[in-house]
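Student: With chain A's structure known, arrange chain B on it following the hints.
Protein sequences appear in the order of chains A and B. Each residue of the first sequence is one higher than the one before, starting from 1 at the first, in the working numbering. Each residue of the second sequence is one higher than the one before, starting from 241 at the first, in the working numbering.
Hints in this document: simulated from the structure, not taken from any laboratory. Bear in mind the structure is a predicted one, so any value in this text is a computation, not a measurement. There may be inaccurate statements among the hints.
[As the list claims (entries may be wrong)] Short derived list, chain B residues pointing at chain A, Cβ under 8 Å:
no. : residue
1   : ARG252
2   : TRP262
3   : ARG272
Glycine included, each C-beta is placed from N, C-alpha and C at the ideal position.
Single-letter residue listing:
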Amino acid sequence: MSRRKRKCQSAAAITEGCRVKPTKAAASRSPCCGGIDLEVGAGARCAIVGISGGVGETTLLGLCAGLDRPSEGSVQLAGYDLSLMGEDGLAELRNAQVGFVFQSFQLLPSLTALENVLVPLELQGGGREARTEAEARLADVGLGERMHHYPSQLSGGEQQRVALARAFVHRPKILFADEPTGNLDAETSQPIEQMLFELNENFGTALVLVTHDPELAKRVGRVVQMRAGSIESDRQVGQV
Amino acid sequence: MSSPQSKASLPRSLFHLLWHPWVWRMAQRDTRRERKRLAVFAGSIVIGVGALVTIHALRASLESGVALQARELLGSDLQVGAREPLDREGLAAVFGDDVVEAAFETSFSSMLRFSGSDSARLVQVRASAGQYPFYGAVEAEPGGVWAALEQDAPVILLESALLEQFGVEVGATVQLGQAELAITERVTKPAPYRTLCQFAPRGLHQ
Numbered sequence: 001m002s003r004r005k006r007k008c009q010s011a012a013a014i015t016e017g018c019r020v021k022p023t024k025a026a027a028s029r030s031p032c033c034g035g036i037d038l039e040v041g042a043g044a045r046c047a048i049v050g051i052s053g054g055v056g057e058t059t060l061l062g063l064c065a066g067l068d069r070p071s072e073g074s075v076q077l078a079g080y081d082l083s084l085m086g087e088d089g090l091a092e093l094r095n096a097q098v099g100f101v102f103q104s105f106q107l108l109p110s111l112t113a114l115e116n117v118l119v120p121l122e123l124q125g126g127g128r129e130a131r132t133e134a135e136a137r138l139a140d141v142g143l144g145e146r147m148h149h150y151p152s153q154l155s156g157g158e159q160q161r162v163a164l165a166r167a168f169v170h171r172p173k174i175l176f177a178d179e180p181t182g183n184l185d186a187e188t189s190q191p192i193e194q195m196l197f198e199l200n201e202n203f204g205t206a207l208v209l210v211t212h213d214p215e216l217a218k219r220v221g222r223v224v225q226m227r228a229g230s231i232e233s234d235r236q237v238g239q240v
Numbered sequence: 241m242s243s244p245q246s247k248a249s250l251p252r253s254l255f256h257l258l259w260h261p262w263v264w265r266m267a268q269r270d271t272r273r274e275r276k277r278l279a280v281f282a283g284s285i286v287i288g289v290g291a292l293v294t295i296h297a298l299r300a301s302l303e304s305g306v307a308l309q310a311r312e313l314l315g316s317d318l319q320v321g322a323r324e325p326l327d328r329e330g331l332a333a334v335f336g337d338d339v340v341e342a343a344f345e346t347s348f349s350s351m352l353r354f355s356g357s358d359s360a361r362l363v364q365v366r367a368s369a370g371q372y373p374f375y376g377a378v379e380a381e382p383g384g385v386w387a388a389l390e391q392d393a394p395v396i397l398l399e400s401a402l403l404e405q406f407g408v409e410v411g412a413t414v415q416l417g418q419a420e421l422a423i424t425e426r427v428t429k430p431a432p433y434r435t436l437c438q439f440a441p442r443g444l445h446q
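Pulled out of the complex, with its shape left as it was, chain A reads as follows:
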């Protein structure tokens, strides 16, 4: 995956072991985000919300997941300093430690639901047990009967559930979700959100999600509010 260099004045530190390494902000001509000092501990939850759309929350998520590289500052993920890693190392880190759920699902259309979920395990060299694991994750999200269907044969909610199963199948230490229910109606969103939290609890996976839904943010507990590319507030709110 090619990595873009985003204009980001400072960086978020997301560490598995709750070790924060904040960085100093530096001037930049037109930063997407800056002045950010963020830490998410192991198994913790964090919702990133924006006052309005396009305030840099998706950019921040991409930086944290190692999809983008900041122009200044550093990002630590699961104990690794991403700025010191090359492309191959980042790809391996993402494959081993990171799960990502996109708003638009990003399933491979030529693969069945089961094969989509299998991909992260196959990239790790998984054998027969990988298939069993993938089938179990699909059963967890209620798609045990539809695992041989292609994405085009599934509804939006089902596709997002496949994406969830794919994100959790390799037991990542941290899961990033970029508006996971943004493309779904309220009725379909509820079970998806429930599954996110259940999987987060069952596997002890840290959860960082970007959302514009205040109710979902409240359920997460910790809400990081962004404005114009920087963090405006970071607070705990009522949690379910």
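Tutor: Relative to the frame of chain A, chain B by itself:
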């Protein structure tokens, strides 16, 4: 900093990656639903490449054939064309002493009228002096081209197709401009001409 552990990650070398079973498995999955389209696509490429190879082979074959038979096709080592009358002195001025032997020909297109009828035909008239062609031969019946050229009287040799078209035989006469010329030979194999194709049959005039 070392990268995170991965049980058996994909090889980093592109060459080794190409032979990795997972890559082939993904290719098989990718093509599974579009096999017919893939077959059409692959077939189109095969046909396209085959057509290109054939065209290039034909071109190479034609070029080598022309190179091998260039002298016979041209009838000489060199042909020089000029809008003004050209003689040996003119050639020497350009090529010096390199010209060993030369034959001169004046050619033009003209209407040829067959005596005793109203029939006329546009022909390519070639009036030759010298033993052209130097390579290959002009064949004519019944006596041969040189027999015709040795005659003192002005004669004309016409191609068989022209004679057959107008139903005339050797011995008849034709009118070329103001000149009345006897047909003494039927040309069966004409001399090479500098253009490989032309729109009118040829007539040779002495």
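Student: Does the structure break any of the earlier hints, and which numbers would those be?
Tutor: none
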